[in-house]
Amino acid sequence: MINEASLPLAFEPGDWTLPSPRKAAIVSLILTETTLFSIFVAAYLFYIGKSLTGPTPREVLETPIIPTICLLSSSVTIMLAERALRRENRGRFQLWWLITILLAAAFIGATAIEWHRLITVHHLTISTNLFGTTFYSLVGLHATHVIVGMCLLTLVLVFSLRGLVTPLQHERIQMVSWYWHFVDAIWVIVFTVVYVIGR
Amino acid sequence: MRRQLFGNQRALRGFFLLMLALICIIALGHGEPVFGIDGGVTNIFKPLAQPAQEIKETSFLVLAVCAVIFVVVAGLLLYGLIRFRHRAGDDGSEPPQVYGSNQIELAWTVLPVLIVFVLILVTSRTIADIQDRKPPQGTLQTTIVGHQWWWEIRYPGLNIVTANELHVPASDGRGPRPTFLKLQSADVAHSFWVPQLAGKTDLIPNRENLMWIEPTKPGTYLGNCAEYCGTQHARMLIRVVVHSSDEFDRWVTEQQKNASVATNADEGRKAFFANSCVNCHTIRGTSAQGKFGPDLTHLMSREMLAAGVVPNTPDNLRRWVRDPQKIKVGCLMPNMQLTDQEVDHITAYLQTLK
Amino acid sequence: MATQEITIPVDRALGSSFVDRLHGLVVTVDHKKLGLMYIGTALGFLVVAGLMAVAIRLQLIIPNNTFLEPDVFNRFFTMHGTSMVFLVGMPIIAGFGNYLVPLMIGTRDMAFPRLNAFGYWMFLFGGLLLYFSYLGSPGLAGHGSAPDVGWFAYAPLTSRAFSRGTSTDYWILSLMLTSIGSTVSAINIIATIIALRCPGMKLMRMPLLVWLMLVTNFMILLALPGLSGAQIMLLIDRYLGAHFFDTQAGGSAVIWQHFFWIFGHPEVYILMIPAFACLSEIVPVFSRKPIFGYPIMVGATAMIGLISMSVWAHHMFTVGMTSVGNTFFAISTFLVGIPTGIKIFNWLGTMYGGKIRFDVPMLFCIGFLFQFLIAGLTGVMLAVAPFNWQLTDSYFVVAHFHYTLVGAFLFGIFAGFYYWYPKAVGRMLDRRLGLWHFWLFAIGFHLTFDTEHFAGLLGMPRRIFTYDAGRGWDTLNLIATVGALVQATAVLLLAINIVRSVKKGDPAGNDPWDAWTLEWSTTSPPPDYNFATIPTVRSRRPLWDLKHPEDPDWKYE
Chain A
1 MINEASLPLA FEPGDWTLPS PRKAAIVSLI LTETTLFSIF VAAYLFYIGK
51 SLTGPTPREV LETPIIPTIC LLSSSVTIML AERALRRENR GRFQLWWLIT
101 ILLAAAFIGA TAIEWHRLIT VHHLTISTNL FGTTFYSLVG LHATHVIVGM
151 CLLTLVLVFS LRGLVTPLQH ERIQMVSWYW HFVDAIWVIV FTVVYVIGR
Chain B
200 MRRQLFGNQR ALRGFFLLML ALICIIALGH GEPVFGIDGG VTNIFKPLAQ
250 PAQEIKETSF LVLAVCAVIF VVVAGLLLYG LIRFRHRAGD DGSEPPQVYG
300 SNQIELAWTV LPVLIVFVLI LVTSRTIADI QDRKPPQGTL QTTIVGHQWW
350 WEIRYPGLNI VTANELHVPA SDGRGPRPTF LKLQSADVAH SFWVPQLAGK
400 TDLIPNRENL MWIEPTKPGT YLGNCAEYCG TQHARMLIRV VVHSSDEFDR
450 WVTEQQKNAS VATNADEGRK AFFANSCVNC HTIRGTSAQG KFGPDLTHLM
500 SREMLAAGVV PNTPDNLRRW VRDPQKIKVG CLMPNMQLTD QEVDHITAYL
550 QTLK
Chain C
554 MATQEITIPV DRALGSSFVD RLHGLVVTVD HKKLGLMYIG TALGFLVVAG
604 LMAVAIRLQL IIPNNTFLEP DVFNRFFTMH GTSMVFLVGM PIIAGFGNYL
654 VPLMIGTRDM AFPRLNAFGY WMFLFGGLLL YFSYLGSPGL AGHGSAPDVG
704 WFAYAPLTSR AFSRGTSTDY WILSLMLTSI GSTVSAINII ATIIALRCPG
754 MKLMRMPLLV WLMLVTNFMI LLALPGLSGA QIMLLIDRYL GAHFFDTQAG
804 GSAVIWQHFF WIFGHPEVYI LMIPAFACLS EIVPVFSRKP IFGYPIMVGA
854 TAMIGLISMS VWAHHMFTVG MTSVGNTFFA ISTFLVGIPT GIKIFNWLGT
904 MYGGKIRFDV PMLFCIGFLF QFLIAGLTGV MLAVAPFNWQ LTDSYFVVAH
954 FHYTLVGAFL FGIFAGFYYW YPKAVGRMLD RRLGLWHFWL FAIGFHLTFD
1004 TEHFAGLLGM PRRIFTYDAG RGWDTLNLIA TVGALVQATA VLLLAINIVR
1054 SVKKGDPAGN DPWDAWTLEW STTSPPPDYN FATIPTVRSR RPLWDLKHPE
1104 DPDWKYE
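Those protein sequences? They're chains A, B and C, same order as listed. So the first sequence is residues 1 to 199, counted in this note's numbering. So the second sequence is residues 200 to 553, counted in this note's numbering. So the third sequence is residues 554 to 1110, counted in this note's numbering.
Just chain A, with the same shape it has in the complex:
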């Protein structure tokens, strides 16, 4: 069967390079997730000051400086890990990657401690008032994304420990790191909305 459209034409298109499908996919994912967060941020901003009862943000929130530093540094450590991978330094890659995971775990642990304090000491739950509803859902949505990210990071670490991660896979690793940077960037927004504007 002759595929006529494949007959050579006089004109050579020259170098035909297109963006990587992986990059397009991750950017699309980040776009849609950002929109999802915008909805929850919008609800949070809309309901500021509208609670009829119960503890207010000012009364119960403590600015999470340390967890924020942990999470934002994890963006730096993941970049260091990527650089190590490009330089074929497997050991260093795994080290920085592990540190990234631990920093994320610290963030989640600190979030858990904060929530425990809010629930047991201040009796703030998701059903207490509008502040509780919007706070737990927005911060919780972000924390869920951190946990998913940690799963991805752990998976990569496991693959690496089994010798399957080489510089040839650098783009796949980069896509995981882009997702991670997105999670951190969203935290900057959530932090600003909840702990700066909302108070």
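Treat the hints with care, as some may be off.
To be verified - Away from chain B, derived, C-beta distances all over 12 Å, residues of chain C:
no.: 1; residue: Leu578
no.: 2; residue: Ala602
no.: 3; residue: Asp662
no.: 4; residue: Ser690
no.: 5; residue: Val872
As the list claims (entries may be wrong) - Computed beta-carbon distance windows for the label pairs:
no.: 6; chain 1: C; residue 1: Asp1081; chain 2: B; residue 2: Ala273; range: 27 to 35 Å
no.: 7; chain 1: B; residue 1: His285; chain 2: C; residue 2: Asp1081; range: 53 to 61 Å
no.: 8; chain 1: B; residue 1: Lys333; chain 2: C; residue 2: Gly803; range: 27 to 35 Å
no.: 9; chain 1: C; residue 1: Asp1081; chain 2: A; residue 2: Glu62; range: 56 to 64 Å
no.: 10; chain 1: A; residue 1: Ala112; chain 2: C; residue 2: Arg717; range: 28 to 36 Å
no.: 11; chain 1: C; residue 1: Trp674; chain 2: A; residue 2: Phe159; range: 20 to 28 Å
no.: 12; chain 1: B; residue 1: Lys490; chain 2: C; residue 2: Gly803; range: 20 to 28 Å
no.: 13; chain 1: B; residue 1: Pro294; chain 2: A; residue 2: Leu152; range: 52 to 60 Å
no.: 14; chain 1: A; residue 1: Ala112; chain 2: C; residue 2: Arg574; range: 30 to 38 Å
no.: 15; chain 1: B; residue 1: Asp465; chain 2: C; residue 2: Asn617; range: 37 to 45 Å
As the list claims (entries may be wrong) - Quick list of in silico lysine to any residue cross-link-like pairs, SDA-like style, CA-CA up to 20 Å:
no.: 16; chain 1: C; residue 1: Lys1108; chain 2: B; residue 2: Pro294
no.: 17; chain 1: C; residue 1: Lys755; chain 2: A; residue 2: Trp16
no.: 18; chain 1: B; residue 1: Lys255; chain 2: C; residue 2: Lys1108
no.: 19; chain 1: A; residue 1: Lys50; chain 2: B; residue 2: Glu407
no.: 20; chain 1: C; residue 1: Lys755; chain 2: B; residue 2: Tyr298
no.: 21; chain 1: B; residue 1: Lys456; chain 2: B; residue 2: Leu357
no.: 22; chain 1: C; residue 1: Lys755; chain 2: A; residue 2: Pro19
no.: 23; chain 1: B; residue 1: Lys469; chain 2: B; residue 2: Leu531
no.: 24; chain 1: C; residue 1: Lys1108; chain 2: B; residue 2: Glu293
Bear in mind the hints are in silico, worked out from the structure with no lab data behind them. The beta carbon of each residue, even a glycine, is placed where N, CA and C say it ideally should be.
Use these hints to put chains B and C onto chain A, whose structure you have.
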């Protein structure tokens, strides 16, 4: 490739007859016609009040613009289909391959922009006229509270509470007498729509909306709830009874009285108060102060029962008291499991609440 | 048409059992099979939801009818709307996109074939979960069963207090599943279009369908989170005692409407733009001219996508927004009408000066043009907020959106169906049955939806299970019901046509319509690998260039 559609034409005919029969079988409905202004036909283009009148004028302008656009574009479509159709004796060559034309495309962009500009001006003017009107001094203020599936109607300044039928004065020669309505909801979202008086406005819990009407012609105006609110959304009708000024003042005086205490309804009164009717219903001047259901103080002054479902006749009233679910299934008044005697007595008592 | 040996591919099913073939579908990651599975499943839901519509119309055929109980009726219109949008509209456009995009851009499959399969199965499970509510949901005192809150499920009707049982939860969860399917499909199509185009196919050389699929899928990414976010909030309200829409605790019922329509309005353009895409491929071929104003068509679609994100509250003109708010959304709605109108003119411009062939695909396109014009104009009327205060939530708006979704969207999809069925199956659909389908459907459509406009003008609200005699609605409803029965008959004819033509249709060959885009250069149906060698293109119409070497497009573009 000339295949027949069906085995024979008779099958086709039979199919259509079957459809017709199906319709006839299903169509076992009945109904009493509804009365009101225009015999119950609520044409938005036959307004008898402001702001419906101003809406109609704006609408006619918009309709005219759209009609012109339609005639032009549909005409171009039809013309193009006929003029540029493939003809039988054609030589099979391809027509001139035209890729576009900047001038033409500019022209048919500019024209819609101009039309849109006009529409924006007209629309914003009408919106402001209707929405930003302030209530003049001494205007009648009412509050409508939407319930599943009836309307609570309050006149705060006049100490009147009734249900389902809103009475207002007409703006006759003595100057404008608009009625302003505050719209609230006790449960879910509803919408107040009496087409010949005004556009619709929603009743939403935890939110107060404002609208106004200024009717000129006395009569009964029909409307419906226009926001799906559950099982009996379809049977949440509203009646706006427009009176001349004098008549309205008379109506107010009557409604402001407490419930009449007729002497021949003692058993019914006792039965009413012995059963849990008082938990839901208010009868002013008695100890019945329930707020869940409609105020019954002047029940017999209403034209219909159950928010416009059945006319307010003794028979219908009895049927309602015996089992509301038979008339309006799913409504929030349960079958009270009354004995026949209780039904008779209570109905007799209710009929004294003029 | 170039002369070639046409060989009908050996029926791959020969020698394999039904179970083998079913297994093949379950494990497939081939974009063509998945595309057809999307479309086939969607057509199945179309029949089910269509029968619900017929039942609804039979209940409304006369006043005070007792054919359906109020609760049954309310479930039917909820399920009809929800199914048609999420289980018919969305999968059909995903099916067209997944099937056609790789073929049109000259590549072998989607960027992420397994993700493609995952998306389909999520959609299917979501659809099945929604219908499972009929079985799984009935609860105490008869509460439950299928959702009955309307397809846009306004708060607080959906709160625990007013929606007892789990029917609303089925609505939420099933749509979350289908949304995941739509989202991954969107990511896949975008990545494919960006990264897998064949050499020479610059963005401005892609077929318009591909461009429009790109815009549509970006809109899916931006619009769907509005719904998903709101549904997560509703779920948390119902199960964790949250107060997003709890008006007793200071929550807002209106914010549900905002979030829903921030999704809901782009959603209808997400549905429409692929129908525009079908038009933009079919009208040129049957007019024998290239699309008029390709760059403007791309630009106008991008503008529609952009502006449509800012019009959502025109569904909320009666909610009590300020006059400023109402004016803003009226203006933005007028503005989105401009690029939409321009597209109609461009299609007209394509037909002018051409040699129009009235094959079945083109007939459906003509129906589209006529009906989309009317739908757009009733849309303009609805954009005039004061007029909207009378028309919204009445049968006028029901008529408007059925004009757009049936008269335009479905007609456009049917056009695409008749056009590409030969490519997918290798056989033509029967022309005579196609003509019967078209004319019956058009007549039935107009009987139903032209009359419903007038019912709305006479004050008939929507979503009512019955009405009183004497409102002026009796005859209109009777005619509308007859129209529904006629439409049902037409769809039956389509089903017959599809089934009969699979085995008995005329062999199609590579290029039955003498068209110009890459999918017509390969066999019908295409081999698994699509193209023997990846083509190189030099213009928007590579096959025109090959068929007319003396007058190729690339000289003029």
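Tested hints:
| no. | hint | result |
| --- | --- | --- |
| 1 | Leu578 | holds (30 Å) |
| 2 | Ala602 | holds (18 Å) |
| 3 | Asp662 | holds (32 Å) |
| 4 | Ser690 | holds (16 Å) |
| 5 | Val872 | violated (5 Å) |
| 6 | C/Asp1081 / B/Ala273: 27 to 35 Å | violated (46 Å) |
| 7 | B/His285 / C/Asp1081: 53 to 61 Å | violated (37 Å) |
| 8 | B/Lys333 / C/Gly803: 27 to 35 Å | holds (28 Å) |
| 9 | C/Asp1081 / A/Glu62: 56 to 64 Å | holds (60 Å) |
| 10 | A/Ala112 / C/Arg717: 28 to 36 Å | holds (35 Å) |
| 11 | C/Trp674 / A/Phe159: 20 to 28 Å | holds (26 Å) |
| 12 | B/Lys490 / C/Gly803: 20 to 28 Å | holds (22 Å) |
| 13 | B/Pro294 / A/Leu152: 52 to 60 Å | holds (56 Å) |
| 14 | A/Ala112 / C/Arg574: 30 to 38 Å | violated (51 Å) |
| 15 | B/Asp465 / C/Asn617: 37 to 45 Å | holds (38 Å) |
| 16 | C/Lys1108 / B/Pro294 | holds (17 Å) |
| 17 | C/Lys755 / A/Trp16 | holds (10 Å) |
| 18 | B/Lys255 / C/Lys1108 | violated (55 Å) |
| 19 | A/Lys50 / B/Glu407 | holds (16 Å) |
| 20 | C/Lys755 / B/Tyr298 | holds (18 Å) |
| 21 | B/Lys456 / B/Leu357 | holds (11 Å) |
| 22 | C/Lys755 / A/Pro19 | holds (12 Å) |
| 23 | B/Lys469 / B/Leu531 | violated (23 Å) |
| 24 | C/Lys1108 / B/Glu293 | holds (17 Å) |
The structure fails hints 5, 6, 7, 14, 18, 23 (numbered hints given earlier, in ascending order).
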